[in-house]
Amino acid sequence: MVITTEGLTKEFRVGFRMKRVLALDNLNLKVEEGEIFGYIGPNGAGKTTTLKIIMGLIYPTSGNVQIFGRDIKDINIKMDIGFLPEAPYFYDYLTAREFLDFYSQLFGLGKKERERRIEELLDMVDLRLVKDTQLRKFSRGMLQRIGIAQALINDPKLVVLDEPMSALDPVGRTKIRDVILRLKDEGKTVFFSSHILSDVEMICDRVGLLVNGKLKEIGKLEELLGERESLEDLFMEEIKSA
Amino acid sequence: MMKIKAIAINTFREAIRDKILYSLLFFALLMMGASVLLGTLTIGEQLKIVKDMGLAAISIFGTLIAIFVGIGLVYKEIDRRTIYNIISKPVSRHRFLLGKYLGLILTLAIEVAVMSGAFLILIIILEHSLDISLLKAVLLIFFELMVVTAVAILFSTFSTPTLSGMFTLAIYVIGHLTMDLKTFGAKSEIVVVKIVTGFLYYFLPNLENFNIKGKVVHHIPVSWEYISFSMAYGVLYITVILLVSMVIFQRRDFK
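Chains as they are written, first to last, in the numbering used here: chain A, 1 to 242; chain B, 1 to 255.
Simulated from the structure, these hints should not be mistaken for lab results.
Since we're looking at a predicted model, the values are computed, not measured.
Errors might be hidden in some of the hints.
Using 25 Å as the maximum straight-line C-alpha spacing, the simulated SDA-like pairs for lysine to any residue come out as follows [claimed, not checked]:
1. B:K255 with A:R17
2. B:K5 with A:E98
3. B:K5 with A:G110
4. A:K131 with B:R17
What follows is a list of derived Cβ distance ranges for each label pair [as the list claims (entries may be wrong)]:
5. B:L106 with A:K240: 56 to 62 Å
6. A:Y89 with B:T239: 51 to 57 Å
7. A:R177 with B:D18: 35 to 41 Å
8. A:D233 with B:I78: 39 to 45 Å
9. B:T160 with A:G34: 43 to 49 Å
10. B:T162 with A:G34: 32 to 38 Å
Under 7 Å between C-beta atoms, here's a sample of chain B residues computed to sit facing chain A [as the list claims (entries may be wrong)]:
11. M2
12. A8
13. N10
14. R17
15. K76
16. R80
17. R81
18. Y84
19. I87
20. P90
21. V91
22. S92
23. F254
Every residue, glycine too, gets a C-beta built ideally from N, C-alpha and C.
With the hints as extra help, turn the sequences into a complete structure.
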């Protein structure tokens, strides 16, 4: 098992009166090795909260997460994880190459290894021609692709992507989909959140549906769909019944 | 170690590509230039004025850079969510904070070097010789800036930039008045005042320890024992402040 969450719960306190808001409610999730797992749900369902807990950006109120069987408190497991946050902002004063070099240093890679890896990734995400351009001049789609390159700098076994296709045009989305499928071919596990259901249908092996912090459905895409025409029908049914 | 270095260098790179730094530097140099003009208005005291204003410029603009750049650089990482990409790598939060701090110190060192360089050249032109004790004053100013930067980092781990800026500025001002606080407490007959002023005196940094500007300008000797004591005090204070910052930073959620 690549990701296992047990009873994961997160409570936020918002506003002046510290009102409690339950963002995640007793989440039990399992992601298996080598699969593309689509994590879907409406805005505000708790998808990003889940991903942030997995990446150690916020702490759960209760419950725990294990990755490759190890507790996430051990930061060394991040050697094997790549992460792309939602709508990422990057240091726009850096060039594409400086940017990737910075992150590769955070993994303690040697100079030769870094150079080789950076060239490889710039090719993969199709940004070789602009490698010495500052990121402030990049388009949304280019930023998303350099973001993916950054997530793959350590050749991770698990890749976690938060809304990788949102705000992209159809060409940009196709490019990201191709990258995800290629990662699966390389034997990596991909866990991504999205609310663009057509993309999820096209590439995911298994899907988890989150509504109001609760996991409503989880399973293989065909099994979940059953008689239904598309993922959208299932999505709307669950939201109405919630 | 390499990770801390990478973060420090990146912080330094961001700072030197920021325009606010150059405008502050420009005004510091302008103030030194103006001191020459102002000095001509006095009789026989021109050099004292130039030295006084020059050291003051290094101290004041250094402090402004420490506060504005220091607070901006940590807060921006959180606000613009670039920190997500660092914390999701195998980098512990305290390494991140330490890297940020060292990057800022590197920026400050370059700034102080540029300002002092201009200042010393000015003095050599006017005096045709160089008083080595001016360097002692600059050294202690630099240590004071390191303390102020640590305080700025501490506030920016849990507060907004505007509030952090105000808090840090307040600590800077009070930090220069802690001796007065102590005297005030000693003379007061109210117990509560004694306790509060005593607490503040020991709790807040005593920044006057780093101020030998007046002595140097008036050729009053300052011993190396005093300098080493002040530097040791600075290092100790910085260590404590950074440890507290790390504890706060380790616990917070990045929403």
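Results for each hint:
Taken as a hint, the K255 (chain B) and R17 (chain A) pair is honoured in the structure, with Cα atoms around 18 Å apart against an allowance of 25 Å. For the given pair, K5 (chain B) sits about 15 Å from E98 (chain A) by alpha-carbon distance, which is consistent with the 25 Å threshold. At most 25 Å may separate the alpha-carbon atoms for a hinted pair to count; K5 (chain B) and G110 (chain A) meet this at roughly 14 Å. At roughly 19 Å between alpha-carbon atoms, K131 (chain A) and R17 (chain B) fall within 25 Å of each other, so this suggested pair holds.
At roughly 57 Å, the beta carbons of L106 (chain B) and K240 (chain A) sit within the given window of 56 to 62 Å. At roughly 33 Å, the beta-carbon separation of Y89 (chain A) and T239 (chain B) lies outside the given 51 to 57 Å, and the hint is violated. One distance hint, 35 to 41 Å for the beta-carbon pair R177 (chain A) and D18 (chain B), holds here, with the actual separation near 38 Å. The given range of 39 to 45 Å is respected by D233 (chain A) and I78 (chain B), whose C-beta atoms sit roughly 40 Å from each other.
Here the CB-CB span from T160 (chain B) to G34 (chain A) is close to 44 Å, well matched to the stated 43 to 49 Å. The beta-carbon spacing between T162 (chain B) and G34 (chain A), approximately 49 Å, falls outside the hinted interval of 32 to 38 Å. For the restraint placing M2 (chain B) at the interface with chain A, the shortest Cβ-Cβ distance is roughly 6 Å, inside the 7 Å limit, so the hint holds. The interface hint given for A8 (chain B) is violated, since its Cβ lies 11 Å from the closest Cβ of chain A, which is over the 7 Å cut-off.
For N10 (chain B), the interface hint holds, since its Cβ comes within 7 Å of a Cβ in chain A; the closest pair sits about 5 Å apart. The beta carbon of R17 (chain B) comes within 4 Å of a beta carbon in chain A, closer than 7 Å, and the hint placing it at the interface holds. Interface hint at K76 (chain B): violated, since its Cβ lies 9 Å from the closest Cβ of chain A, which is beyond the 7 Å cut-off. Hint on R80 (chain B) holds. Least Cβ distance to chain A is approximately 4 Å, under the 7 Å limit.
Restraint check, R81 (chain B) versus chain A: the minimum CB separation of about 6 Å is within 7 Å; hint holds. Of the supplied interface hints, the one on Y84 (chain B) holds, with its beta-carbon coming within about 4 Å of a beta-carbon of chain A, less than 7 Å. For I87 (chain B), the shortest C-beta to C-beta distance to chain A is roughly 6 Å, which falls under 7 Å, so the interface hint holds. The restraint placing P90 (chain B) at the interface with chain A holds, with a minimum CB-CB distance near 4 Å, inside the 7 Å limit.
Checking V91 (chain B) against chain A by beta carbon gives a least distance of about 5 Å; that is within 7 Å, so the hint holds. This hint holds: S92 (chain B) has a C-beta 6 Å from the nearest C-beta of chain A, less than the 7 Å allowed. For F254 (chain B), the suggested interface contact is upheld, since its CB lies about 5 Å from the closest CB of chain A, less than 7 Å.
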